[in-house]
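Undergrad: This is what each chain is made of:
2 protein chains.
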Amino acid sequence: MKYLTAASRLLRHSSRNLSDHRSNLQFFCSIRPSSSGLSYTSLRSYEHLIQDDCFHRKITLKNICFRGSGVGILHCLPKFQSDGIRTHHRNLASTALIPERNKSFATINSDDISYFKKVLGGRGVVQDEEKLDDANTDWMRKYKGSSKLMLQPRKTQEVSQILDYCNSRCLAVVPQGGNTGLVGGSIPVYDEVIINIGSMNNVLSFDKVSGILVCEAGCILENLMSFLDNEGYIMPLDLGAKGSCQIGGNVSTNAGGLRLLRYGSLHGSVLGLEVVLANGTVLDMLGTLRKDNTGYDLKHLFIGSEGSLGIVTKVSILTPPMLSSVNLAFLACEDYLSCQKILVEAKTKLGEILSAFEFLDINAMDLVLKHLDGLRDPLPSSKHNFYVLIETTGSMESHDKEKLEAFLVQAIESGLLTDGVVAQDINQASSFWRIREGVPEALLKEGATYKYDLSLPPEKMYNLVEEMRQRLGTAANVVAYGHLGDGNLHLNISTQQYDDNILAKIEPFVYEWTSKQRGSISAEHGIGLMKASKLHYSNSAETVQVMAAIKKVLDPNGILNPYKVLPTPALSQT
Amino acid sequence: MKYLTAASRLLRHSSRNLSDHRSNLQFFCSIRPSSSGLSYTSLRSYEHLIQDDCFHRKITLKNICFRGSGVGILHCLPKFQSDGIRTHHRNLASTALIPERNKSFATINSDDISYFKKVLGGRGVVQDEEKLDDANTDWMRKYKGSSKLMLQPRKTQEVSQILDYCNSRCLAVVPQGGNTGLVGGSIPVYDEVIINIGSMNNVLSFDKVSGILVCEAGCILENLMSFLDNEGYIMPLDLGAKGSCQIGGNVSTNAGGLRLLRYGSLHGSVLGLEVVLANGTVLDMLGTLRKDNTGYDLKHLFIGSEGSLGIVTKVSILTPPMLSSVNLAFLACEDYLSCQKILVEAKTKLGEILSAFEFLDINAMDLVLKHLDGLRDPLPSSKHNFYVLIETTGSMESHDKEKLEAFLVQAIESGLLTDGVVAQDINQASSFWRIREGVPEALLKEGATYKYDLSLPPEKMYNLVEEMRQRLGTAANVVAYGHLGDGNLHLNISTQQYDDNILAKIEPFVYEWTSKQRGSISAEHGIGLMKASKLHYSNSAETVQVMAAIKKVLDPNGILNPYKVLPTPALSQT
Numbered sequence: 001m002k003y004l005t006a007a008s009r010l011l012r013h014s015s016r017n018l019s020d021h022r023s024n025l026q027f028f029c030s031i032r033p034s035s036s037g038l039s040y041t042s043l044r045s046y047e048h049l050i051q052d053d054c055f056h057r058k059i060t061l062k063n064i065c066f067r068g069s070g071v072g073i074l075h076c077l078p079k080f081q082s083d084g085i086r087t088h089h090r091n092l093a094s095t096a097l098i099p100e101r102n103k104s105f106a107t108i109n110s111d112d113i114s115y116f117k118k119v120l121g122g123r124g125v126v127q128d129e130e131k132l133d134d135a136n137t138d139w140m141r142k143y144k145g146s147s148k149l150m151l152q153p154r155k156t157q158e159v160s161q162i163l164d165y166c167n168s169r170c171l172a173v174v175p176q177g178g179n180t181g182l183v184g185g186s187i188p189v190y191d192e193v194i195i196n197i198g199s200m201n202n203v204l205s206f207d208k209v210s211g212i213l214v215c216e217a218g219c220i221l222e223n224l225m226s227f228l229d230n231e232g233y234i235m236p237l238d239l240g241a242k243g244s245c246q247i248g249g250n251v252s253t254n255a256g257g258l259r260l261l262r263y264g265s266l267h268g269s270v271l272g273l274e275v276v277l278a279n280g281t282v283l284d285m286l287g288t289l290r291k292d293n294t295g296y297d298l299k300h301l302f303i304g305s306e307g308s309l310g311i312v313t314k315v316s317i318l319t320p321p322m323l324s325s326v327n328l329a330f331l332a333c334e335d336y337l338s339c340q341k342i343l344v345e346a347k348t349k350l351g352e353i354l355s356a357f358e359f360l361d362i363n364a365m366d367l368v369l370k371h372l373d374g375l376r377d378p379l380p381s382s383k384h385n386f387y388v389l390i391e392t393t394g395s396m397e398s399h400d401k402e403k404l405e406a407f408l409v410q411a412i413e414s415g416l417l418t419d420g421v422v423a424q425d426i427n428q429a430s431s432f433w434r435i436r437e438g439v440p441e442a443l444l445k446e447g448a449t450y451k452y453d454l455s456l457p458p459e460k461m462y463n464l465v466e467e468m469r470q471r472l473g474t475a476a477n478v479v480a481y482g483h484l485g486d487g488n489l490h491l492n493i494s495t496q497q498y499d500d501n502i503l504a505k506i507e508p509f510v511y512e513w514t515s516k517q518r519g520s521i522s523a524e525h526g527i528g529l530m531k532a533s534k535l536h537y538s539n540s541a542e543t544v545q546v547m548a549a550i551k552k553v554l555d556p557n558g559i560l561n562p563y564k565v566l567p568t569p570a571l572s573q574t
Numbered sequence: 001m002k003y004l005t006a007a008s009r010l011l012r013h014s015s016r017n018l019s020d021h022r023s024n025l026q027f028f029c030s031i032r033p034s035s036s037g038l039s040y041t042s043l044r045s046y047e048h049l050i051q052d053d054c055f056h057r058k059i060t061l062k063n064i065c066f067r068g069s070g071v072g073i074l075h076c077l078p079k080f081q082s083d084g085i086r087t088h089h090r091n092l093a094s095t096a097l098i099p100e101r102n103k104s105f106a107t108i109n110s111d112d113i114s115y116f117k118k119v120l121g122g123r124g125v126v127q128d129e130e131k132l133d134d135a136n137t138d139w140m141r142k143y144k145g146s147s148k149l150m151l152q153p154r155k156t157q158e159v160s161q162i163l164d165y166c167n168s169r170c171l172a173v174v175p176q177g178g179n180t181g182l183v184g185g186s187i188p189v190y191d192e193v194i195i196n197i198g199s200m201n202n203v204l205s206f207d208k209v210s211g212i213l214v215c216e217a218g219c220i221l222e223n224l225m226s227f228l229d230n231e232g233y234i235m236p237l238d239l240g241a242k243g244s245c246q247i248g249g250n251v252s253t254n255a256g257g258l259r260l261l262r263y264g265s266l267h268g269s270v271l272g273l274e275v276v277l278a279n280g281t282v283l284d285m286l287g288t289l290r291k292d293n294t295g296y297d298l299k300h301l302f303i304g305s306e307g308s309l310g311i312v313t314k315v316s317i318l319t320p321p322m323l324s325s326v327n328l329a330f331l332a333c334e335d336y337l338s339c340q341k342i343l344v345e346a347k348t349k350l351g352e353i354l355s356a357f358e359f360l361d362i363n364a365m366d367l368v369l370k371h372l373d374g375l376r377d378p379l380p381s382s383k384h385n386f387y388v389l390i391e392t393t394g395s396m397e398s399h400d401k402e403k404l405e406a407f408l409v410q411a412i413e414s415g416l417l418t419d420g421v422v423a424q425d426i427n428q429a430s431s432f433w434r435i436r437e438g439v440p441e442a443l444l445k446e447g448a449t450y451k452y453d454l455s456l457p458p459e460k461m462y463n464l465v466e467e468m469r470q471r472l473g474t475a476a477n478v479v480a481y482g483h484l485g486d487g488n489l490h491l492n493i494s495t496q497q498y499d500d501n502i503l504a505k506i507e508p509f510v511y512e513w514t515s516k517q518r519g520s521i522s523a524e525h526g527i528g529l530m531k532a533s534k535l536h537y538s539n540s541a542e543t544v545q546v547m548a549a550i551k552k553v554l555d556p557n558g559i560l561n562p563y564k565v566l567p568t569p570a571l572s573q574t
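Protein chains in written order, with UniProt numbering: chain A, 1 to 574; chain B, 1 to 574.
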């Protein structure tokens with residue numbers, strides 16, 4: 001009886017679809033700012049509270065707790081507090097063990113400045129303190145370097161000249177795009193020269209037949225989206241940081257995001273790259289071909305290596321055609337096994353139109369409903385242990401609705417779903433996404449949070465959550481949500497106050513558990529400075545050794561983004 | 001009026017779809033044996049003529065024209081001839097310039113044999129002449145090596161021990177899977193030890209929730225397809241050689257095939273690899289995660305490097321769910337621009353269900369109708385300059401048919417299509433595919449053929465065909481077909497007899513033209529021995545130099561698949 005009621009509600013509510021949902025990109029952006037739910041979104045909530053509606057405007061803070069002349073870890077949040085949000089020592093679950101400054105690196109002198117001015121002109125050589133302060137500080141405001149120089153090349157040849165010079169002088173550099181990374185990968189650790197690619201921001205070509213876009217690395221993701229919007233195509237990736245992040249940075253960090261389930265990773269979408277090596281050599285691998293089996297496909301080395309092997313200067317990428325119909329369902333399951341079964345069913349029954357499969361557990365839902373104003377439970381008749389969001393994207397509205405309805409009715413009748421609702425307009429869809437996206441903000445309002453971004457085999461994913469609950473007992477609230485369709489769990493442990501004893505119960509347990517299941521300790525955000533010393537949890541010693549050997553070949557002096565990605569001991573062994 | 005008639009025919013013919021088409025994989029295999037149309041299919045046609053219905057049974061031949069003790073180039077086809085097929089000196093358009101044997105390599109002695117017997121037991125050490133003859137000869141019967149030893153390990157550890165030993169003795173090796181490659185990559189050039197992976201053929205795990213398959217490298221592609229068939233999934237790649245080729249070889253050659261348009265390349269699908277390096281080190285990168293950003297993604301180095309950097313021993317791969325509905329349309333366009341426009345329309349209007357977009361020109365069509373028995377023109381009312389095959393695959397039959405029909409009616413009404421028909425049953429679909437797939441066989445029956453497998457930007461692809469026609473005049477018939485949706489052109493130049501003067505007009509022009517357009521001289525078949533000296537046409541000198549440097553790091557003695565992929569001079573410069 002309950003099932004039938006739910007099924008009938010599904011049918012009733014699905015009378016309209018959300019075809020306007022994605023077509024209005026600006027709006028969509030504002031309702032789906034972040035998929036990862038790391039503190040990125042939490043910080044944004046601060047910005048909202050102080051009525052800063054510009055997505056990426058940085059708030060100038062007095063930074064605290066710098067150490068020596070090297071990178072500082074900011075132990076406190078911004079001073080502003082309002083609306084009951086308490087500040088905590090956040091994001092210390094994975095504070096980096098910062099290596100000593102490499103003594104073989106030179107320091108900038110006036111001859112260097114003169115040379116760079118000769119190459120770039122005055123406008124491309126930034127020594128202004130305020131600008132440097134921004135560029136030295138990461139987006140999370142967790143790390144801060146002490147670089148005295150930022151260079152802003154406009155052409156590949158300039159990047160080449162800069163690197164050639166830096167390499168010969170043994171000046172360390174840090175490549176920087178939108179500086180929106182979450183692992184301290186895009187800021188200097190000490191006094192590295194910042195090479196900011198943002199001035200290289202031209203679209204070079206777009207082939208409307210093949211959908212292949214070629215552009216410079218400094219193009220902002222959202223600008224590329226707008227460009228493609230006019231051509232009837234979309235970018236194969238979409239991130240919360242789209243308003244600031246640059247395609248070169250996306251490639252260098254192998255950014256994941258919201259469209260990965262449907263369009264796969266950048267290793268599949270990126271067709272070609274132009275990269276400048278540490279010694280200034282320009283590697284022209286800027287192919288625009290879907291098929292090219294001529295030798296080693298070197299571009300993949302630069303996808304996800306966080307600028308430590310070369311600086312990406314141009315990108316060729318395959319873009320999918322824009323489809324007009326979007327639907328969204330908010331569903332309830334009583335156990336995690338049902339969530340998995342629903343995923344399998346959705347992959348078969350919705351097949352080609354499935355575009356997102358997200359989940360959150362009851363703990364996450366409770367927090368959202370407790371802390372986020374204006375949100376109500378879409379399934380208020382009773383509480384459920386798990387909630388699933390399923391999005392479809394297709395080319396014909398009536399077909400997609402029919403498929404989704406048939407799938408949902410069957411899932412309810414078979415008992416996999418206990419309740420559910422299909423968004424009937426864009427406002428309802430926004431509120432559904434706001435629940436999923438609002439978990440980090442709710443966690444922030446609740447107290448301190450230990451955050452982990454893990455990839456695990458879906459069938460084992462929730463075992464970690466349950467083991468963690470057993471381990472921590474009543475001392476903490478263990479909250480789980482994430483991209484179930486991609487096997488990406490965002491594990492959050494919420495406590496009233498930051499506590500070393502709690503941390504000791506969580507780490508290294510969480511990494512060891514993940515490692516034992518052959519999971520990834522960084523599903524989508526990379527290694528950067530934050531996790532370089534933890535690389536072994538997801539890679540064998542032999543693999544790390546080969547990584548270090550390749551780094552040595554491509555960057556023998558180690559000037560490119562030092563102290564990041566690879567653990568310092570591995571590098572010194574090569 | 002003509003348009004309306006055609007449109008009405010489309011609607012009439014599309015009253016049934018081909019949902020049985022793909023569900024019967026065996027049948028589908030027999031009607032779509034090869035997508036590339038290289039002589040691979042031609043050779044198969046010989047097998048059919050002598051009533052050899054086993055897809056991959058090798059015909060034992062007396063080989064001709066070996067040179068010295070090294071690899072021989074077989075200048076003649078098999079002796080059997082029937083049914084009017086004339087033999088020609090084929091496939092000499094790209095004969096390899098074979099380097100001298102590397103003098104630093106040792107030769108096998110009795111101590112080596114004893115060691116290998118100790119590691120593998122007697123069964124794994126093959127010295128039998130007949131078996132070696134097969135393993136020394138490539139599938140095209142174009143190259144033949146002179147190895148005296150084939151090893152058949154059953155475990156990764158055995159591969160490791162073999163390589164460790166060979167590396168210390170400086171014994172060169174050639175990794176071999178199904179030996180179905182088309183560029184002489186999987187056979188020894190001189191006396192290299194053959195390491196055949198075929199005995200490592202177990203499925204290790206399959207996760208029905210995520211669709212992730214983990215298996216040993218020697219699993220035959222078709223066996224994996226059958227395994228997945230029972231699970232409701234499919235392999236993301238499908239090739240003519242599926243009955244013999246092995247997944248390790250597919251990965252090592254970055255095999256393309258029929259499903260690339262829909263499911264992308266193996267760089268997107270392969271999630272993890274286990275690889276043994278030249279010195280016996282086992283690199284365990286066998287992740288089963290869609291998202292993993294922990295360090296350099298080294299597995300991509302081994303995808304498509306043709307066993308020259310390491311031997312793939314295990315593969316983890318993401319498999320798509322099986323969809324039940326397949327439709328096929330055979331269409332006519334009057335000009336190449338319309339073919340391109342139709343592709344753009346299909347990508348938008350058919351969007352998520354488009355699974356193949358193939359084309360052939362009137363010269364190809366004429367040849368097929370002239371030479372292939374039992375085939376008739378599906379659009380007999382008049383001749384057309386271009387023909388396009390569009391296949392859709394989706395999860396709901398009625399939806400797919402409706403989308404396809406709407407798309408076709410609109411395309412005819414807008415004048416992009418001049419005629420067309422939708423297959424109404426599996427026999428009609430088979431005959432449509434037979435036209436596309438039959439071009440190589442028809443070319444073989446016509447005379448000598450110079451064959452090129454190129455990737456080019458779709459808008460420029462046919463310019464090469466037209467320029468080649470102008471260049472050759474009446475001396476040759478220039479025939480074009482291929483995977484237009486992937487930008488992959490199969491350019492064939494048909495003449496009565498093989499002629500050095502014709503070849504001199506074609507090469508290096510075709511490579512230079514392709515290079516000038518930033519195309520690929522090997523879209524899907526790799527470099528192997530055949531094109532190692534031509535690598536520069538699709539790669540800059542700097543890129544080749546980095547490839548050689550990486551080869552040097554991973555295989556300092558150069559024992560892995562020597563003389564292949566990289567030009568010998570590049571290697572000697574490192």
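Since the hints were made in silico from the structure, they are not lab data.
Honestly, I wouldn't trust all of these hints.
Unchecked claim - Derived pair list, reagent style DSS-like, types lysine-lysine, alpha-carbon separation capped at 27 Å:
#1 B:208 - A:341
#2 B:552 - A:401
#3 B:155 - A:516
#4 A:208 - B:208
#5 A:552 - B:552
Claimed, not checked - Looking from chain A toward chain B, a few residues come up when the C-beta cut is under 8 Å (computed):
#6 214
#7 292
#8 294
#9 348
#10 351
#11 516
#12 519
#13 556
Glycine is no exception: its CB is placed at the ideal position from the N, C-alpha and C atoms.
Undergrad: Within a Cα-Cα threshold of 27 Å, do residue 552 (chain B) and residue 401 (chain A) meet the stated pairing?
TA: violated (56 Å)
Undergrad: Given the hinted pair residue 208 (chain B) and residue 341 (chain A), is their alpha-carbon gap at most 27 Å?
TA: holds (9 Å)
Undergrad: Checking hints one by one. Is residue 348 (chain A) an interface residue toward chain B, by the C-beta closer than 8 Å rule?
TA: holds (5 Å)
Undergrad: With a cut-off of 8 Å on the beta carbons, see whether residue 519 (chain A) makes it to chain B.
TA: holds (7 Å)
Undergrad: Quick check on the hint: residue 351 (chain A) CB to chain B CB, less than 8 Å?
TA: holds (4 Å)
Undergrad: Given the hint that residue 155 (chain B) pairs with residue 516 (chain A), does the C-alpha gap stay at or below 27 Å?
TA: holds (22 Å)
Undergrad: Measure nothing beyond the straight line between the CA atoms of residue 208 (chain A) and residue 208 (chain B); if it is 27 Å or shorter, mark the hint as holding.
TA: Violated - the C-alpha atoms of residue 208 (chain B) and residue 208 (chain A) are around 37 Å apart, more than 27 Å.
Undergrad: Classify the hint on residue 516 (chain A) as holds or violated, based on whether any CB of chain B lies nearer than 8 Å to its CB.
TA: violated (14 Å)
Undergrad: Should the interface hint for residue 294 (chain A) be scored as holding, given a Cβ-Cβ cut-off of 8 Å against chain B?
TA: holds (4 Å)
Undergrad: Less than 8 Å between beta-carbons is the criterion; does residue 292 (chain A) satisfy it with respect to chain B?
TA: holds (4 Å)
Undergrad: Hey, does the residue 556 (chain A) contact hint survive, CB to chain B under 8 Å?
TA: violated (11 Å)
Undergrad: Does residue 214 (chain A) hold up as a contact with chain B if the rule is Cβ-Cβ below 8 Å?
TA: violated (10 Å)
Of the hints listed earlier, those the structure fails to meet are numbers 2, 4, 6, 11, 13, in rising order.
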